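**Q** Sequence:
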Amino acid sequence: MSTTTAEPEAPVTGRFEFPFRHIVLDNWAEPELVRAAEIEWPQPDWPHWHRYDSGKLATKDPLRFPPACAELIRRLLCLRVGELMGLDDTFGDWNCHGAGLHASPPGASLGVHLDSDHHPNTGWQRACNAILFVNSSWRPEWGGELELWNADGTECLKRITPRFNRLVLLEPSDVAFHAVARNTGPETRKTLATFYWRESLATGVRPRAQFC
Numbered sequence: 001m002s003t004t005t006a007e008p009e010a011p012v013t014g015r016f017e018f019p020f021r022h023i024v025l026d027n028w029a030e031p032e033l034v035r036a037a038e039i040e041w042p043q044p045d046w047p048h049w050h051r052y053d054s055g056k057l058a059t060k061d062p063l064r065f066p067p068a069c070a071e072l073i074r075r076l077l078c079l080r081v082g083e084l085m086g087l088d089d090t091f092g093d094w095n096c097h098g099a100g101l102h103a104s105p106p107g108a109s110l111g112v113h114l115d116s117d118h119h120p121n122t123g124w125q126r127a128c129n130a131i132l133f134v135n136s137s138w139r140p141e142w143g144g145e146l147e148l149w150n151a152d153g154t155e156c157l158k159r160i161t162p163r164f165n166r167l168v169l170l171e172p173s174d175v176a177f178h179a180v181a182r183n184t185g186p187e188t189r190k191t192l193a194t195f196y197w198r199e200s201l202a203t204g205v206r207p208r209a210q211f212c
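Numbering (the working numbering), first residue to last: 1 to 212.
Don't read these hints as lab results, they were simulated from the structure.
Because the structure is a prediction, the values reported are computed rather than measured.
Zero decoy hints are in this set.
Simulated restraints on C-beta separations:
id, residue 1, residue 2, range
1, Glu32, Pro207, 37 to 43 angstroms
2, Pro66, Arg15, 27 to 33 angstroms
3, Gly111, Pro62, 26 to 32 angstroms
4, Ser137, Arg75, 20 to 26 angstroms
5, Thr154, Pro47, 36 to 42 angstroms
6, Asn95, Arg15, 24 to 30 angstroms
7, Asp53, Thr154, 21 to 27 angstroms
8, Gln43, Asp88, 37 to 43 angstroms
9, Asn95, Tyr52, 15 to 21 angstroms
10, Glu83, Pro47, 35 to 41 angstroms
11, Pro140, Gly14, 16 to 22 angstroms
12, Gly14, Pro67, 29 to 35 angstroms
13, Phe16, His48, 32 to 38 angstroms
14, Glu141, Asp89, 39 to 45 angstroms
Here are the simulated lysine to any residue pairs, SDA-like style, with alpha carbons at most 20 angstroms apart:
id, residue 1, residue 2
15, Lys56, Pro186
16, Lys56, Glu147
17, Lys60, Trp49
18, Lys56, Gln210
19, Lys60, Ala209
20, Lys56, Thr161
21, Lys60, Ala193
22, Lys60, Ser116
23, Lys56, His97
24, Lys56, Pro105
25, Lys60, Phe91
26, Lys60, Leu79
27, Lys60, Ala70
28, Lys60, His97
Glycine included, C-beta positions come from ideal geometry on N, C-alpha and C.
Construct the complete structure from the given sequences, taking the supplied hints into account.
**A** Right under this line is the structure:
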C-alpha cells in the first residue's frame, strides 16, 4: 500500500466526489459548545470506554454521554443528511450503534477499511457517517488525519486534518476505503460520530468493518 501521493488537505469547505462522496463543513457548531465537549471529555481510564486492539477508545451508550457531547450528538442526528449528501430516505440512529464518542490516544491509529454496510440487529443499510472533530489545539504535525483511499484500498488520495469544529460527512460505499493516521502528538484525538441509515430489503455483506 502507498501513502506517498496524498497532499495535505487544504482549508476549504464544500462537497466533494473524489475519491468518493464526502462533505467538509468548518465551524459547524458554536465554538463554546464544542469546547465544552472537549473539557468534559472522559479521561482514558474512564471505565465505560470500549477498548480496541488498535488503541482506539469508544462509547456508544447515550446515557453516559457528557452533557455537551450529548447535545452535539443530538444536533448531528437532526441533520438533513439526505439533502446535504443527495441520499434518499436516510435517518439517524438515536441508539448510536457503533457511533458516539471516539478517542485515539497518542500512538493509536485505525487501518484502511470499509465500514459495515448494514445494521446487525435491524438490517438497515448504512448510508452516511458524520464525524465532528473536537480538539481545539490540534497541530497538523500530530497526524491523526482522516484518510480517504482509492477504490481498492491501495493508495491514500486525500487527507482531512482534524481541525477544531470541523464536520465531515462521508458515504460508506463499497469503494469508500478510509483510515485514521497515527496520532503522533501528546493529546488524545477526540471525535463525535453519528451514523445514518435507510430501510433496505437488500442483504448486507459486511456486518463488521472490513480491513485491508
